[in-house]
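Let the hints inform the model, and build the full structure from the sequences given.
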Amino acid sequence: GAGVSQSPSNKVTEKGKDVELRCDPISGHTALYWYRQRLGQGLEFLIYFQGNSAPDKSGLPSDRFSAERTGESVSTLTIQRTQQEDSAVYLCASNPSSDTQYFGPGTRLTVL
Amino acid sequence: GQQVMQIPQYQHVQEGEDFTTYCNSSTTLSNIQWYKQRPGGHPVFLIQLVKSGEVKKQKRLTFQFGEAKKNSSLHITATQTTDVGTYFCVRTSGTYKYIFGTGTRLKVLA
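The listed protein sequences correspond, in order, to chains A and B.
The first sequence begins at 1 in my numbering and counts up by one.
The second sequence begins at 1 in my numbering and counts up by one.
Any given hint could turn out to be false.
[Said to hold, decoys possible] Derived lysine-lysine pairs resembling BS3-like cross-links, with alpha carbons at most 27 Å apart:
#1 B:51 <-> B:107
#2 B:97 <-> A:57
#3 A:11 <-> B:36
#4 B:36 <-> B:59
#5 B:57 <-> B:107
#6 B:36 <-> B:57
#7 A:57 <-> B:36
#8 B:36 <-> B:70
#9 B:69 <-> B:36
[What the hints assert, rightly or not] Some chain A residues close to chain B (C-beta under 7 Å, calculated; not the full set):
#10 8
#11 42
#12 43
#13 48
#14 91
#15 99
#16 100
#17 103
#18 105
Just so you know, these hints were derived from the structure itself, not from any lab.
C-beta: ideal position from N, C-alpha, C; glycine also.
Right, here's the structure in full:
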């Protein structure tokens, strides 16, 4: 595709349920990032992938959060036992060898 | 890495007025990037500054990197309603990590 895509665009879930968010980066982009953005706030770094490896998971807020990437392409961010504080927009970005990050449209997660 | 601070946090201007947002770091930056996020949208890359004292222009937008490479500014001349959004400066930490500033939310009143 022409840009980074994310699915679903919106997700409403009940507290305690697990959710899986998907990111399809731009083809050929080896680096992939996940960020969290709470309403009216800045972007909070979660995790970075180089290829299929995640050398930096330092931004993951708790062990309920995990992410994986396969085929140097699609990535999934999984949140287990969701809490209301997890409500936010989750943004994925990819970049090639240049410094420019290309962002997807995000997934808006609402935990009731 | 340390987050970069931006001021102001919010700015309301009348259409046609100028606008400036400032980005400050306590440490020397290797480079600084600027992104714009429209309401309900995602961040979009605007520009990257690398050299001390560098100034770059994009139409009505002027970006500047401080001589000491610890601060940066974005100036918009004669704002338009299309300029509405949040402007983020972004520093890199190490070879791959991007740290977003706190952002300045701009509202333009027609």
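Hints, one by one, checked against the model:
1. B:51 <-> B:107: Given that 27 Å is the threshold and the Cα spacing comes to 30 Å, the pair is violated.
2. B:97 <-> A:57: Between residue 97 (chain B) and residue 57 (chain A) the Cα gap is close to 11 Å, so the pair holds against 27 Å.
3. A:11 <-> B:36: holds (25 Å)
4. B:36 <-> B:59: holds (15 Å)
5. B:57 <-> B:107: Holds, at roughly 21 Å.
6. B:36 <-> B:57: The given pair, whose Cα atoms are some 15 Å apart, holds under the 27 Å limit.
7. A:57 <-> B:36: holds (26 Å)
8. B:36 <-> B:70: holds (21 Å)
9. B:69 <-> B:36: holds (21 Å)
10. 8: At about 15 Å, which exceeds the 7 Å cut-off, the nearest Cβ of chain B leaves the hint on residue 8 (chain A) violated.
11. 42: holds (5 Å)
12. 43: Residue 43 (chain A) check passes; min Cβ-Cβ to chain B is 4 Å, inside 7 Å.
13. 48: holds (6 Å)
14. 91: holds (6 Å)
15. 99: Check passed: Cβ of residue 99 (chain A) comes within 6 Å of chain B, closer than 7 Å.
16. 100: holds (5 Å)
17. 103: Given a least distance of 4 Å, the restraint on residue 103 (chain A) holds.
18. 105: Check passed: Cβ of residue 105 (chain A) comes within 6 Å of chain B, closer than 7 Å.
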